[in-house]
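S.K.: So the sequences go chain by chain: A and B.
Residue numbering for the first sequence follows the working numbering, beginning at 1 and increasing consecutively.
Residue numbering for the second sequence follows the working numbering, beginning at 1001 and increasing consecutively.
It should be emphasised that the hints constitute simulated quantities derived from the structure, not laboratory data.
Predicted, not measured: the structure shown is a model, and the values here were computed from it.
Be aware that a few hints might be false.
Restricting the straight-line Cα-Cα distance to at most 30 angstroms, the calculated cross-link-like pairs of lysine-lysine (DSBU-like) are [claimed, not checked]:
1. Lys-1024/B x Lys-188/A
2. Lys-124/A x Lys-1233/B
3. Lys-1024/B x Lys-1100/B
4. Lys-1099/B x Lys-124/A
5. Lys-1099/B x Lys-149/A
6. Lys-1100/B x Lys-1054/B
7. Lys-192/A x Lys-1099/B
8. Lys-192/A x Lys-1100/B
9. Lys-124/A x Lys-1054/B
10. Lys-247/A x Lys-47/A
11. Lys-1099/B x Lys-81/A
12. Lys-1024/B x Lys-25/A
13. Lys-1024/B x Lys-437/A
14. Lys-437/A x Lys-397/A
15. Lys-1024/B x Lys-81/A
16. Lys-47/A x Lys-124/A
17. Lys-1100/B x Lys-47/A
18. Lys-149/A x Lys-1024/B
19. Lys-149/A x Lys-124/A
20. Lys-1024/B x Lys-47/A
21. Lys-149/A x Lys-1100/B
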Amino acid sequence: MTAIELIGVSKIYRRFSGRQFSTLKSALLKRSILRDLRPSETFPALKDVSFVVPEGSTFGVVGRNGSGKSTALKLVAGITKPTAGIVRVRGRVSALIELGAGFHPEISGRENVFINGIMLGLTKAEIQARFDEIVDFAELREFIDAPVKTYSSGMYMRLGFAVAIHVDPDVLLVDEVLAVGDEAFTHKCLDKFAEFRRRGKTILLVTHSLPVVERFCDDAVWLDEGSVRAQGDPRRVVDAYLTAVEKSEEQQFATATARAVEAAAGPAAAQAAENETASTDNGQPADMFQAVEGRWGSREVEISEVALTGADGRPSFVFRSGDPMSIRLRIHAAQPTDDFVFGVGLFNTAGVCCYGTNTYVEEMTPARLEGDAEVTFAIEALDLVEGTYKLDVAVHKRDGAPYDYHRLLYTFRVNSRTHDVGIYRPRHKWAFSENVKFTHS
Amino acid sequence: MFANLAQLIRYRGLIQSLVARELKARYRGSVLGFFWSLINPLLLLAIYSFVFTKIMPNRVEGVQPYALFMFCGILPWNWFSASLTESAGSLISGGNLIKKVLFPAEVLPIVSVLANMVHFFFGLPILIMFLIVYRHPPDAWDLVWFPVAVSVELVFTLALALVVSALTVHFRDIRDILANLLMFWFFATPIIYPWFQPGLERYRTLFNVNPFTHLAVSYQEILFFNGPIGHWKWLLGLGAGSIVLFLGGYWIFDRLRDSFAEAV
């Protein structure tokens, strides 16, 4: 039995008359009343989307912002109508879209519960019967008779959520509400969803929290710019989605890096670098640990190109935690030299140096460098936690006088399935004695 | 369209609680609370009495005390004009509901009209009390017509409220235009002057094409003047016209319905 069915659904949003607001006066003057009432611009939010949600299953919708997820939810809720195609829903629907949307700030929580409940399709008697349960769920017993305007935003959301979830729908639509409320309340919500599942209700879940999709959903669909990109097993869908996100992040970091390198090479940067040179004797900025982007040095030896490569040897900007990564430098020495040190440093977004080393501290004695050369710094496993990192690369003399210093010009991203914290992830395993048990999903 | 109209009946519980909420919220946080709805008309009556007996005395035969005469027309007019003004903004201020909750949008202007009707009812006891003290109790037979007049005004106001609210979503300046139009309309209607005042005969046609004339005159005949109501034909005519107007207004509203969620 299907609970929700979308067949070839398209939704085209219309914008009216281009301007923010039109006025009747101008409409009359330009004789454009009928034209102004017609849409002038269209924007396709969904294009030929089809999916089926079987009764009793939990269905996840993932996708980037603006991909049409919320529009799909609104169509299922019946708030908007599809431009083309068919939307079929069986049973009572409750939408956790905008929690507490109908609350009136001046009247008490109690009265708002009743009005909100009626808006969501309950009768007065039904609300009366569930009232205590609602209030307890929202944890607002002592404030229920205070006007809603005195509530904190968390209380507001909790009450809205409590009412919506107690409508006891056959189909529950959830749009990113797990983001509200503290940890404890989020767990309570997830418990409530689990209870819904047990009772054989259908849940349509729109979220950016991919672990939730993987853990809770029986099926998932990935929407991208209004079209279905992948559908089926949630793990597969999430994987496909993550790969695409990495690809677009890749693009972003490539542009950011290109821009930073270009800026560092420009005249303004040269000026800045000169000032910095003036500030200290050896041409370095006064504080090495202060995160200022830039490039400086005598350029007797030059780093002409920097590339990060992944396991496959192709340039990349996004890596998985634990993957190999190589930093490849192209070097050009104008004059042959026997005094050179190569160095790299990794920084996180807070400007903390995660790791730094060079050939000098690793006790390599330089002998000769001439012409064009290539240097590779190969990291066997990038054991960093998820985050964005910046890279320093440098070639300088043994006394520290820089030939070419690239500070924080290169950005890369480390993604991880695990949301551990800190900077460094030591290779690790957990071990337990036999009387410690975990369930594995 | 008729399916949508029928669906409204399912939402009567919602309309009811929204009207109650509207009235409660209006007085919540004020010291006198609900009594404001009695004090407002009382103050209005006091001011009019003072102005029209001391400052600009009006001596037209048969309409004394003059302030009470005016009051019979002003109360229904206030209902009408406040309803239109409020419903003009109702879809915009209720935009959250239209966009986020499954909700027939016409509920919002309807609630504005009904809340103001309840308000109108609150003012009536004061009027009746003063009528009894300073003039005479209204005839029982006349009072039969009172619900008719209220119903006609309700349908007429709903019709305009639907159109105004739907159009204001697209043309925001309707609210300002409306305020001016209503002021003009108020003075063009025989409310603060009697329709039979000598010297106004040549405006008779103008009065007759103004729908609110017939409502105001009916209220005045029912409440203020003795004897059988002479205006009932006009009133029933307006009632029939209002039903047509309402269907037309609802049709316009229905046509524009899908654009609200996107234009609000």
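S.K.: Now tell me, hint by hint, if it's right for this structure.
M.R.: Results of checking the hints against the structure:
This hinted pair does not check out: Lys-1024/B and Lys-188/A have alpha carbons roughly 33 angstroms apart, beyond 30 angstroms. Under the criterion of a C-alpha separation no larger than 30 angstroms, the hint pairing Lys-124/A with Lys-1233/B is inconsistent with the structure, at around 42 angstroms. Restraint check: the Cα-Cα separation between Lys-1024/B and Lys-1100/B comes to about 24 angstroms, which is no more than 30 angstroms; the hinted pair holds. For the given pair, Lys-1099/B sits about 24 angstroms from Lys-124/A by alpha-carbon distance, which is consistent with the 30 angstroms threshold.
A distance of roughly 21 angstroms separates the Cα atoms of Lys-1099/B and Lys-149/A; the hinted pair therefore holds under the 30 angstroms criterion. Between Lys-1100/B and Lys-1054/B the alpha-carbon distance is near 55 angstroms, which puts this suggested pair outside the 30 angstroms criterion. The suggested pairing of Lys-192/A with Lys-1099/B holds, with an alpha-carbon distance near 26 angstroms, which does not exceed 30 angstroms. Taking the CA atoms of Lys-192/A and Lys-1100/B, the gap is near 22 angstroms; set against the 30 angstroms cutoff, the hint holds.
Proximity of Lys-124/A to Lys-1054/B is assessed by CA-CA distance (about 54 angstroms); at most 30 angstroms being required, the pair is judged violated. The straight-line distance between the Cα atoms of Lys-247/A and Lys-47/A is roughly 23 angstroms, inside the 30 angstroms bound, and the hint therefore holds. A distance of roughly 12 angstroms separates the Cα atoms of Lys-1099/B and Lys-81/A; the hinted pair therefore holds under the 30 angstroms criterion. Distance hint between Lys-1024/B and Lys-25/A is unfulfilled; the C-alpha atoms sit about 36 angstroms from each other, more than 30 angstroms.
Our distance criterion of 30 angstroms between C-alpha atoms is broken by Lys-1024/B and Lys-437/A, whose separation comes to about 56 angstroms. This hinted pair does not check out: Lys-437/A and Lys-397/A have alpha carbons roughly 57 angstroms apart, beyond 30 angstroms. About 34 angstroms separates the Cα atoms of Lys-1024/B and Lys-81/A, which puts this hinted pair outside 30 angstroms; it is violated. Distance restraint check for Lys-47/A and Lys-124/A: the Cα-Cα separation of roughly 40 angstroms exceeds the 30 angstroms cut-off, and the hinted pair is therefore not satisfied.
A C-alpha spacing of about 22 angstroms is found between Lys-1100/B and Lys-47/A, which places the hinted pair at or below 30 angstroms, so the restraint holds. Proposed proximity of Lys-149/A and Lys-1024/B is supported: the alpha carbons are some 14 angstroms apart, at most 30 angstroms. Taking the CA atoms of Lys-149/A and Lys-124/A, the gap is near 23 angstroms; set against the 30 angstroms cutoff, the hint holds. With a C-alpha separation of about 45 angstroms, the suggested pairing of Lys-1024/B with Lys-47/A is violated against the 30 angstroms cut-off.
For the hint linking Lys-149/A to Lys-1100/B, the alpha-carbon distance of about 20 angstroms falls within 30 angstroms, and the restraint holds.
Checked against the numbered hints above, the structure violates hints 1, 2, 6, 9, 12, 13, 14, 15, 16, 20; every other hint is satisfied.
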